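Novice: Got chain A; can you put chain B on it based on the hints?
The listed protein sequences derive, respectively, from chains A and B. At the far end of the first sequence sits residue 139, using this note's numbering, and the numbering has no gaps. At the far end of the second sequence sits residue 264, using this note's numbering, and the numbering has no gaps.
Since the hints were derived computationally from the structure, they do not count as laboratory data. None of these values were measured; they are calculated from a predicted model. One or more of the hints may lead you astray.
Stated by the list, open to error - Here are the simulated distance ranges between beta carbons:
id : chain 1 : residue 1 : chain 2 : residue 2 : range
1  : B       : 259       : A       : 100       : 32 to 42 Å
2  : A       : 65        : B       : 207       : 36 to 46 Å
3  : A       : 37        : B       : 247       : 17 to 27 Å
To be verified - Partial list, derived from the structure: chain B residues whose beta carbon lies under 8 Å from chain A:
id : residue
4  : 56
5  : 181
6  : 249
7  : 251
8  : 253
Backbone N, C-alpha and C define an ideal beta-carbon position, used for all residues, glycine too.
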Amino acid sequence: MPNLNSTQGLGNGGFWPWFLQRVSGFALIFLVGVHMWMGHFSGLQEVLDGRREELVLYEVVKLRLAQTAFIVVDFALLALVLYHALGGLRSVILEWGPAASQSRSVTLGLILLGIVTFAYGSWVLLHFILA
Amino acid sequence: MDHFTLKVKRSTRGQDSDSTQAVYSVPMVAESMSVLDAMLWARGNLDSTLAFRCACRVGMCGTCGVRINGREGLACRTLVSTEIKYSGLVINVEPLRHLPVVRDLVTDPGNFYRRLTDVIPSFQPADLDAAPVAIKPDSSERLTINPHRECIYCGLCYSACSMAGEDREFLGPAAFNRAFALVSDSRDEAGTERMKAVDGRSGIWSCHTIFECTAVCPKGIPITQAIQGLKRKHFFRKVQSLFRLGRPS
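Isolated chain A (complex conformation):
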């Protein structure tokens, strides 16, 4: 049955959320590419040749995170993944009638979730950087 009494004026809130979701998506293609290459492919030959025991080693990650460029890449990746994922989740939630009237609460809740998750992710990264 069509939802003819549905909440009016749903949607994800206009141009800027839509635009930033796409910009973060494109940036993620690059950052995830760098992350995947450095983490899972760059030392693959050494592992295959038997020169290294495992691909992802604590020491290797620690060495990588001693470089400013990788610190920037990893923090940017963390921030953008969270922004993109939670922005998408917000869009899905707000298109559900009952949640649409609670738009501010939903947005605030997701911002808090983003901050907490970013803090946790940063704590993990700092563990490598400061160790």
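Specialist: Leaving out everything else, chain B in the frame of chain A:
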């Protein structure tokens, strides 16, 4: 003569609670028989109370839009022979979605037309007395506009659009298509108002680019392309307005 089964969703007040499914055995009178022909045969020979709309019977008026085997289509342009190939001699016919059902297959298109008027669907020239400057047939402007002028406002795209079902205020694919055709026309003067109308909470940004509207359009209009075109135009307007910041207009 071979027969097939025509199942029609019927209701008296458009409520699902009182809806029933009428089952008719209809003879396949010709290879070119349309679903509308089958419905007319059922009404003429089996049940004179069956309610549906039709007018031109050649796919020009858009009046006979229904859902046929779960897919929006014009009953007059959908062949029975094509449908029964995939559905085992059964054709299910339902009213369009997202619009109140008046009775059986007759829906009230009021909300569909109201959303259309939100985008100012008529051409607005700068000077009503001056003859409009012609756009050359081979110009890029004309080639951009042309495919989007073919809309017959049948409402199939509105029924196929999932956002139209979630949000009554959502302008819908037909309104976006009309807005795109008019804002692409350099002679039209209401572009700013139209762009403002499609920029709202129930505007183009709610479209998820699922292509359902384009898939069901009986005129083959690239509606999703129109929506993307509006998004692109809006983006460039935003960029322009950002660069004008702090400058006297």
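Novice: Each of the hints needs a verdict: does it hold here or not?
Specialist: Results for each hint:
1. B:259 - A:100: 32 to 42 Å: Check passed, 35 Å falls within 32 to 42 Å.
2. A:65 - B:207: 36 to 46 Å: violated, 60 Å
3. A:37 - B:247: 17 to 27 Å: Since residue 37 of chain A and residue 247 of chain B have Cβ atoms about 20 Å apart, the given range 17 to 27 Å holds.
4. 56: For residue 56 of chain B, the interface hint is violated, since the closest Cβ of chain A sits about 29 Å away, which is over 8 Å.
5. 181: holds, 6 Å
6. 249: holds, 6 Å
7. 251: violated, 12 Å
8. 253: holds, 6 Å
Hint violations for this structure: numbers 2, 4, 7, all remaining hints satisfied.
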